[in-house]
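J.: Letter by letter, the chains look like this.
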Amino acid sequence: MTKKVGTFLLYFLLLIGAFTMLIPFLWMLSTSLKTAPETLQVPPIWVPKILRFENYSAAFKTAPFMRYFINSVVVTLTTTLGQLFISILAAFAFARLRFWGQRFLFVLFLGTMMVPGEMLIISNFVTVSALHMVNSYAALIVPWLVSFFAIFTLKQTFQSVPDELYYAAKVDGASDWRFLWQILVPLSRSSIVAICILQVIGSWNSFMWPLIVTNDERFRTLPVGLQAFTSDAGTDYQLLMAASTFVIIPMVFLYLGLQKYIIAGISKSGLKG
Amino acid sequence: MDVTFKNVTFAYDNKAILHHIDFNIPEGKLISILGPSGCGKSTTLNLISGLIQPDAGQILFGDKPVTNLDALQRKVGMVFQSYALYPHMTVLENIIFPMKMAKVPKTERVAKAKELAQLVHIENEVDKHPAELSGGQQQRVAIARALAKEPAILLLDEPLSNLDARLRVQMREEIRRIQKKTGVTTVFVTHDQDEAMHISDQIMVLNDGRIQQFSTPNQLYDQPQNLFVARFIGSPVINTLPFAPFKDAFAELVAPEILAQATHIGIRSESIVSAPHQEAVLVKLPGRITRHDQYGRELLTEIQYKDQQLASTNFKQTADGDFQAFYLLKKGVFLFNAAGHKLMGGEADA
Amino acid sequence: MKKKPTLKSSLTAYVYLLPMFIISGVFSLYPIVKSFLMSFYTKYNFYTDKVSAYGFDNYVFLWKDPNFHLALKNTLILVLGVVPLTVLISLVIALMLNHIKWLNGLFRTAYFLPFVTSTVAIALVWSWLFNQDYGLFNYLLSLFGIHAIDWLNDPHWAMPALIMMTIWKGLGFDIILFLVGLNNIDATYYKVATIDGANAWQRFKHITLPLLSPITFLVTITGIIGAFKIFDQIYALFNGQPGPGQSALTVVYYLYEKFYTDWKYGIAAASGVVLFLVILLITLIQFRYSRKHVHY
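Chains as they are written, first to last, in UniProt numbering: chain A, 1 to 273; chain B, 1 to 350; chain C, 1 to 296.
No wet-lab data here; the hints were simulated from the structure. Careful: at least some of the hints might be erroneous.
Keeping only pairs whose Cα atoms sit at most 30 Å apart, straight-line, the calculated DSS-like set for lysine-lysine is [stated by the list, open to error]:
| hint | chain 1 | residue 1 | chain 2 | residue 2 |
| --- | --- | --- | --- | --- |
| 1 | C | Lys205 | A | Lys4 |
| 2 | A | Lys4 | C | Lys191 |
| 3 | B | Lys128 | A | Lys170 |
| 4 | A | Lys3 | C | Lys191 |
| 5 | A | Lys155 | C | Lys8 |
| 6 | B | Lys306 | B | Lys331 |
| 7 | A | Lys170 | B | Lys114 |
| 8 | B | Lys29 | B | Lys103 |
None of the values given here were measured: they were computed from a predicted structure.
Excised from the complex, chain A in its bound form (with noise of 0.2 Å):
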């Protein structure tokens, strides 16, 4: 009896806390689906009349948001596809083969992570403007081709294939690079998506660099415009709440299909610490 109880409070509260959770969702949909006045009217109405889809329109008119999520789209990709290439290539190299330096450039790298990006972005953006980078896909996307978290989460799945498959491979006639293409890459596939899927959403969603390197509107990203586009809608919460809604929704679809790999992606490399 107690546990019956138990149980049921155990889900009373989960849902209590999943809804608060969604709150921002809900109340981010049902304003954008408003007219102006039903946005100010008290008390709230959660599910107005009529759905305002012309929103979304309005908003697309207001400011250059397709322009935006091509260029988030564009480097978002490229990003991350380059990350990935650059990323394999440097944890095979630690993984499998031997090199002078190994063990320090190892501990150097692994060093480098410690130091926040933050701190890099005064110095990168001066970089960045003597190679007259500003405002170019280039500087969006160049600087963040190197992840050593993909790097060294590569490197440790990389090394949980066992040794005899490398020399099995060897003894077969496969050269290393072939061996890294067609058997560790496509062994480490539930790892590899994760360490995309995590890119992709950490791409898609950056902010500080974006805004800082772009003041031309024909080079920003999503989260960017919709920053600048806060200014030109003021208070039409409606037309701010669709934008945000349009910014957010790619990552929620991606989320919600591609899930058990995010969550193992961060259980393993969060666990690594």
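Using the hints provided, position chains B and C relative to the given structure of chain A.
T.: Showing chains B and C alone in chain A's frame:
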């Protein structure tokens, strides 16, 4: 193709693993490299494969020096202890992989892979992934994959150690059958003397990075060149006892210089009998039975001779209080000097 | 079978590492060195990239600047406000989630969702929730007879608002880690403890908590480091301002302002170095602790 090692040395972390090894593996034979763990047998195999290179010495395949060629260039096939099948590929893809690396035309390699699958009796499993196969089946796939590139030499690194006892016997016969059928020169690494004895044309016994003896299984058993080989080969383990208590009894039988040098005597358990039939007898010794047991078809008798205990598996007569003496047969009794070298024993000089 | 590296094997490896070397050399290693150097620039012309004087002036400035003191203080408040609560709440939720099977996945999804959303976009939503006249929060408070709070414009309430949102955003990550930790605790311990007569609370106190301590520690450390770096949500929540009357000015925000608004690169770099040293200190504590305690 035959394999020759000339004065090969290999060290790891400044610790010598192989000391100046010389041998020749004849073409078309199945050779076992046998020894306790850490003796250098896997290192020897890896040196043949080209996965590692020696620090000194020369390795030849036929007449061709291959010392500095890597595994890719040597054209060897290898079966690993864990089989090392590619888990993300089907059985057929696994077998095809080496041929793909060698850029064999597509239709040809599929046909060849199917042929090999038939040879190792896994033709019904070719579309499965390795994880869906039993240990024995994985083993078969690994052999087929190793044979796919038509290797000059087939190397097997403790291939049976992950199988249960019954399957191990079965697979060992399979390997022998496949080797005979293909005629490929095969090197088989194992720590199990019984396995080596059953499967090999010749056995190389390794210990401490040195070859102890390289001969046929029967020669190893009948004519061990040293105490290590005598002890390592045969089950139950040969009786090894200090020679001193036997010295008087052997005074008439062996040359005085041998008598002077011998420190240990090795006696195979089947060479201790209660009454000889046709076998040549070496000596009759006084003693008494302290224990006599039968396990299925196995007999085990413990005999006390002076203050020494001997074990016999060939003692037909049951224990009687009045039993006074036993016989040592000529075959299966060896004398060793302090360095462990054999001084006497074995048919060659008996 | 791994032998010592040779010239050949080293060269091969360097080819694989080359892309990483180039990019990280330019955008990670060089800026680390450069940032340290920059923090000693006292006269610097950005356009010509010429430095005419070096010195400790920037650090002296930070030492004296009340704004920097405020930033440090606010950051500390943020850490203290966010981390303990996040750890506690996420532990409780993880424990509850660990007890149920049905709908477990759905709950996880809900709790984790904030983690994947754009901070800027969701901070905008929060600023709307916090709206004094039409926001949902003040409406809910009014149901309890509490007067409307001007969350975002009252310097007293800006920090609590920021803390609330930060906790909300970070819960999911910690819950996932706690769930992994709980999952790693061998169920036989609980069986043995039950046989030994431990009740539910005693089992929690003597098994769950100690065996979970490495995770708790990890979550705390990452939480502290994360809280030190908070920037996006301040920028978006307060519309490009560090809160009303600098009330939400943090170290990173200070760095951003000095660098991007005031163009004081040397001072910005110096504040970055201070941030780095604090994080380094925390990381070192983590290393020490995990060496000592995290071995089961």
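J.: Now tell me if each hint is right for this structure.
T.: These are the hints, each one checked on the structure:
For the hint pairing lysine 205 of chain C with lysine 4 of chain A, the CA-to-CA distance comes to about 23 Å; that is within 30 Å, so the pair holds. For the proposed pair lysine 4 of chain A and lysine 191 of chain C, the alpha carbon gap of about 21 Å is at most 30 Å, so the pair holds. Distance hint between lysine 128 of chain B and lysine 170 of chain A is fulfilled; the C-alpha atoms sit about 23 Å from each other, no more than 30 Å. Our distance criterion of 30 Å between C-alpha atoms is met by lysine 3 of chain A and lysine 191 of chain C, whose separation comes to about 18 Å.
With a CA separation close to 22 Å, the supplied pair lysine 155 of chain A and lysine 8 of chain C stays within the 30 Å bound. The straight-line distance between the Cα atoms of lysine 306 of chain B and lysine 331 of chain B is roughly 22 Å, inside the 30 Å bound, and the hint therefore holds. Taking the CA atoms of lysine 170 of chain A and lysine 114 of chain B, the gap is near 23 Å; set against the 30 Å cutoff, the hint holds. For the proposed pair lysine 29 of chain B and lysine 103 of chain B, the alpha carbon gap of about 29 Å is at most 30 Å, so the pair holds.
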